[in-house]
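Undergrad: The residues making up each chain are set out below.
2 protein chains.
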Amino acid sequence: MQQLVSELLNGNRRAAARLISLVENDDPQKRELLREIYPHTGNAYVIGVTGAPGSGKSSLVDWLLKELRRDALTVGVIAVDPTSPFSGGAILGDRIRMQDHAMDQDIFIRSMGTRGSLGGLSRATREAIQVLDAFGKDIILIETVGVGQSEVDIVRTADSTLVVLTPAGGDSVQTIKAGIMEIADIFVVNKSDLPGAERTATEINMMLDMKSDAPWRPPVVPTVSVANEGIEELWKSVQDHRRYMEESGRLIDVRRERVSRELTEQVEYLVKSHIWAQVKEEIKLDDLVGKIVNREQDPYSAAGELLETIDFYGKDT
Amino acid sequence: MQQLVSELLNGNRRAAARLISLVENDDPQKRELLREIYPHTGNAYVIGVTGAPGSGKSSLVDWLLKELRRDALTVGVIAVDPTSPFSGGAILGDRIRMQDHAMDQDIFIRSMGTRGSLGGLSRATREAIQVLDAFGKDIILIETVGVGQSEVDIVRTADSTLVVLTPAGGDSVQTIKAGIMEIADIFVVNKSDLPGAERTATEINMMLDMKSDAPWRPPVVPTVSVANEGIEELWKSVQDHRRYMEESGRLIDVRRERVSRELTEQVEYLVKSHIWAQVKEEIKLDDLVGKIVNREQDPYSAAGELLETIDFYGKDT
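Going line by line, the protein sequences match chains A and B.
Oh and the first sequence: position 72 is 72 in the numbering used here, straight run, nothing missing.
Oh and the second sequence: position 45 is 45 in the numbering used here, straight run, nothing missing.
It is possible that some hints are incorrect.
Only part of the chain A face toward chain B is listed, based on derived beta-carbon distances under 10 Å [unchecked claim]:
{"hint": "1", "residue": "Met1"}
{"hint": "2", "residue": "Pro28"}
{"hint": "3", "residue": "Lys66"}
{"hint": "4", "residue": "Arg70"}
{"hint": "5", "residue": "Ala227"}
{"hint": "6", "residue": "Asn228"}
{"hint": "7", "residue": "Tyr269"}
{"hint": "8", "residue": "Ile275"}
{"hint": "9", "residue": "Trp276"}
{"hint": "10", "residue": "Lys284"}
{"hint": "11", "residue": "Leu288"}
{"hint": "12", "residue": "Phe312"}
Each computed EDC-like pair below joins lysine to aspartate or glutamate, with the alpha-carbon atoms no more than 20 Å apart [to be verified]:
{"hint": "13", "chain 1": "A", "residue 1": "Lys272", "chain 2": "B", "residue 2": "Asp138"}
{"hint": "14", "chain 1": "B", "residue 1": "Lys280", "chain 2": "A", "residue 2": "Glu265"}
{"hint": "15", "chain 1": "A", "residue 1": "Lys280", "chain 2": "A", "residue 2": "Glu257"}
{"hint": "16", "chain 1": "A", "residue 1": "Lys280", "chain 2": "B", "residue 2": "Glu268"}
{"hint": "17", "chain 1": "B", "residue 1": "Lys66", "chain 2": "B", "residue 2": "Asp240"}
{"hint": "18", "chain 1": "B", "residue 1": "Lys284", "chain 2": "A", "residue 2": "Glu265"}
{"hint": "19", "chain 1": "B", "residue 1": "Lys284", "chain 2": "A", "residue 2": "Glu262"}
{"hint": "20", "chain 1": "B", "residue 1": "Lys272", "chain 2": "A", "residue 2": "Asp311"}
{"hint": "21", "chain 1": "B", "residue 1": "Lys284", "chain 2": "B", "residue 2": "Glu268"}
{"hint": "22", "chain 1": "B", "residue 1": "Lys284", "chain 2": "A", "residue 2": "Asp71"}
{"hint": "23", "chain 1": "A", "residue 1": "Lys284", "chain 2": "B", "residue 2": "Asp240"}
{"hint": "24", "chain 1": "A", "residue 1": "Lys284", "chain 2": "B", "residue 2": "Glu268"}
{"hint": "25", "chain 1": "A", "residue 1": "Lys272", "chain 2": "A", "residue 2": "Glu305"}
{"hint": "26", "chain 1": "A", "residue 1": "Lys272", "chain 2": "B", "residue 2": "Asp240"}
Hints in this document: simulated from the structure, not taken from any laboratory.
All residues carry an ideal CB built from backbone N, CA and C; glycine is no exception.
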């Protein structure tokens with residue numbers, strides 16, 4: 001493990017890939033590993049890209065990669081597909097992209113699918129970001145399919161979030177309603193050569209007008225990703241947003257919030273492990289479950305009694 | 001609160017609606033309420049219906065309702081839309097349906113949207129089921145939009161799960177791959193008058209052949225919901241599945257699993273509330289977060305130290 005970590009820090013791609021697999025598979029050594037690499041993280045800037053399937057996200061990310069490389073930035077890409085059970089680069093689209101960038105040692109692409117629960121996926125994504133951050137990537141791009149709540153959770157890890165819409169979708173307004181408005185730092189109207197593109201942009205701007213007091217007004221950037229149109233402007237917008245985040249102190253704030261959530265989760269993880277270890281020793285859970293199934297007891301009172309049995313409350317006094 | 005609960009048990013619709021609002025809004029009195037009604041639950045049979053937007057789920061559920069009413073069963077319907085911020089019957093489709101069934105005192109329809117997190121929605125759905133169960137409904141139908149992991153979590157509450165696909169979708173196989181296979185007790189190929197319907201059914205059956213050792217083989221039922229075709233057969237399939245669940249003992253098993261998860265959640269809820277109350281008293285979390293942000297400490301060690309500070313571990317010995 002020690003060896004793997006030092007290989008990671010020395011820029012060994014295979015070590016990065018293996019460590020991401022470890023966090024993805026929830027390996028028992030994971031916590032130890034994350035603890036080791038933590039001091040080496042915090043340098044990467046994380047960009048999230050989300051949008052409905054078919055919005056052209058992937059080709060957008062591809063062209064964006066070229067802009068980033070032109071600026072000599074090293075990049076890690078994590079393609080998250082909550083609807084796919086595949087991971088580890090098995091997705092067709094990624095294989096094609098990997099061929100494209102295979103010769104470039106400064107790009108690392110990885111796909112992640114749903115293995116267990118969605119909560120597990122969003123956690124694994126956050127941990128993979130840590131790995132690529134310690135790996136030394138300047139920018140980490142997270143691409144997620146879809147615009148549901150699940151993707152919102154994943155994207156919440158990003159410093160700048162791009163929401164990709166299309167005029168063809170017709171559901172642009174619907175999408176914005178669904179809580180996407182709040183997470184977008186930049187709106188991308190992709191496939192802007194299609195009819196209705198201007199109307200889509202206007203609709204978004206009208207919505208933005210309604211909360212015009214926000215310190216950052218998300219730009220609405222038209223692109224045609226297959227033709228590499230508008231990508232330069234998009235990259236400029238991302239840089240603008242990054243500058244805003246850094247200069248306003250907002251970046252520090254969101255990172256504090258993230259650390260705070262992480263700490264909370266870690267505390268709860270330790271507490272839970274400890275409590276359940278104790279419960280297993282002292283209580284026949286099966287009997288209790290049986291009583292609740294038979295409506296002899298309710299789960300709410302039962303939970304309280306269970307904690308009293310292991311003297312959880314008593315210990316404080 | 002006492003009053004509301006006894007009104008619910010007496011079949012008062014307005015009480016049911018208000019109590020669902022209470023759980024949906026995560027009212028402080030919620031736990032007390034759920035404890036009160038718990039002894040009156042466990043009688044309803046829960047049917048989940050999930051499928052992509054546009055698969056015709058809603059009209060399917062509508063016709064199914066008529067079958068259920070013909071068998072003199074009382075029904076509660078919860079329409080869950082994880083992509084919608086609306087709830088409380090504000091969705092257009094529901095308003096139309098409510099008009100249809102408004103005169104029928106034995107049908108209760110309610111829609112729920114995403115208020116907070118998705119986890120919150122799936123919890124609120126489970127609690128709304130408890131309310132309608134105590135309300136005395138024989139059958140509770142949960143209809144959810146989409147086929148992502150989020151819906152899987154919601155549907156896991158159902159005793160029988162119907163997965164609705166369409167030949168038009170083209171993504172039928174894709175959908176099945178995404179973990180839907182595991183949750184389907186019955187496959188519905190809706191819009192079966194469209195070309196490709198038979199191919200879709202064949203594909204599903206081929207997938208089912210691969211795990212032919214399962215004790216229940218999900219039937220694949222073709223329907224044309226707008227024309228009320230195949231609904232009777234579908235209802236028969238649901239009844240077959242229910243009989244299988246009851247006679248094989250599987251129903252008791254899944255309900256035990258559900259109670260076990262619920263008990264776990266309740267214990268962890270109590271533990272968390274207690275721990276955080278203590279932490280707030282004794283520890284300056286902000287300082288700790290600052291240290292972690294500056295990489296002077298990592299969240300994993302910090303979590304352990306925090307618990308030692310409040311003497312969480314020490315109390316056991």
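Undergrad: Decide, hint by hint, whether the structure agrees.
TA: Hints, one by one, checked against the model:
1. Interface restraint check: Met1 of chain A against chain B, minimum CB-CB distance 14 Å, threshold 10 Å, status violated.
2. With 10 Å as the threshold, the beta carbon of Pro28 of chain A stays out of range of chain B, its nearest partner Cβ sitting at about 14 Å, so the hint is violated.
3. Against a cut-off of 10 Å between C-beta atoms, the interface hint on Lys66 of chain A is violated, since the closest Cβ of chain B lies about 29 Å away.
4. With a least beta-carbon distance of about 30 Å to chain B, the hint placing Arg70 of chain A at the interface is violated under the 10 Å criterion.
5. Hint status for Ala227 of chain A: violated, given a least beta-carbon distance of 26 Å to chain B, over 10 Å.
6. Because the closest C-beta pair between Asn228 of chain A and chain B is about 29 Å apart, greater than 10 Å, the hint is violated.
7. At about 7 Å, the closest approach between the beta carbon of Tyr269 of chain A and any beta carbon in chain B falls short of 10 Å, and the interface hint on this residue holds.
8. Interface restraint check: Ile275 of chain A against chain B, minimum CB-CB distance 6 Å, threshold 10 Å, status holds.
9. Because the smallest distance between the Cβ of Trp276 of chain A and any Cβ of chain B comes to about 8 Å, under 10 Å, the interface hint for this residue holds.
10. Taking 10 Å as the C-beta contact cut-off toward chain B, the hint placing Lys284 of chain A at the interface is violated, the least distance being around 12 Å.
11. Look at Leu288 of chain A: its Cβ gets to within about 7 Å of chain B, closer than 10 Å, so that hint holds up.
12. A hinted interface residue such as Phe312 of chain A counts as satisfied when its beta carbon comes closer than 10 Å to some beta carbon of chain B; here the least separation is about 7 Å, so the hint holds.
13. For the proposed pair Lys272 of chain A and Asp138 of chain B, the alpha carbon gap of about 37 Å is over 20 Å, so the pair is violated.
14. This hinted pair checks out: Lys280 of chain B and Glu265 of chain A have alpha carbons roughly 16 Å apart, not beyond 20 Å.
15. Under the criterion of a C-alpha separation no larger than 20 Å, the hint pairing Lys280 of chain A with Glu257 of chain A is inconsistent with the structure, at around 34 Å.
16. For the proposed pair Lys280 of chain A and Glu268 of chain B, the alpha carbon gap of about 14 Å is at most 20 Å, so the pair holds.
17. About 18 Å separates the Cα atoms of Lys66 of chain B and Asp240 of chain B, which keeps this hinted pair within 20 Å; it holds.
18. Taking the CA atoms of Lys284 of chain B and Glu265 of chain A, the gap is about 17 Å. The hint holds against a cut of 20 Å.
19. The suggested pairing of Lys284 of chain B with Glu262 of chain A holds, with an alpha-carbon distance near 16 Å, which does not exceed 20 Å.
20. Distance check on the hinted pair: Lys272 of chain B and Asp311 of chain A sit about 15 Å apart at the alpha-carbon level, within 20 Å; holds.
21. The straight-line distance between the Cα atoms of Lys284 of chain B and Glu268 of chain B is roughly 23 Å, outside the 20 Å bound, and the hint therefore fails.
22. For the hint pairing Lys284 of chain B with Asp71 of chain A, the CA-to-CA distance comes to about 42 Å; that exceeds 20 Å, so the pair is violated.
23. Restraint check: the Cα-Cα separation between Lys284 of chain A and Asp240 of chain B comes to about 35 Å, which exceeds 20 Å; the hinted pair is violated.
24. Annotation: proposed proximity of Lys284 of chain A to Glu268 of chain B holds, straight-line Cα distance about 17 Å (limit 20 Å).
25. Between the alpha carbons of Lys272 of chain A and Glu305 of chain A the distance comes to roughly 17 Å, so the proposed pair stays at or under 20 Å and holds.
26. At most 20 Å may separate the alpha-carbon atoms for a hinted pair to count; Lys272 of chain A and Asp240 of chain B exceed this at roughly 40 Å.
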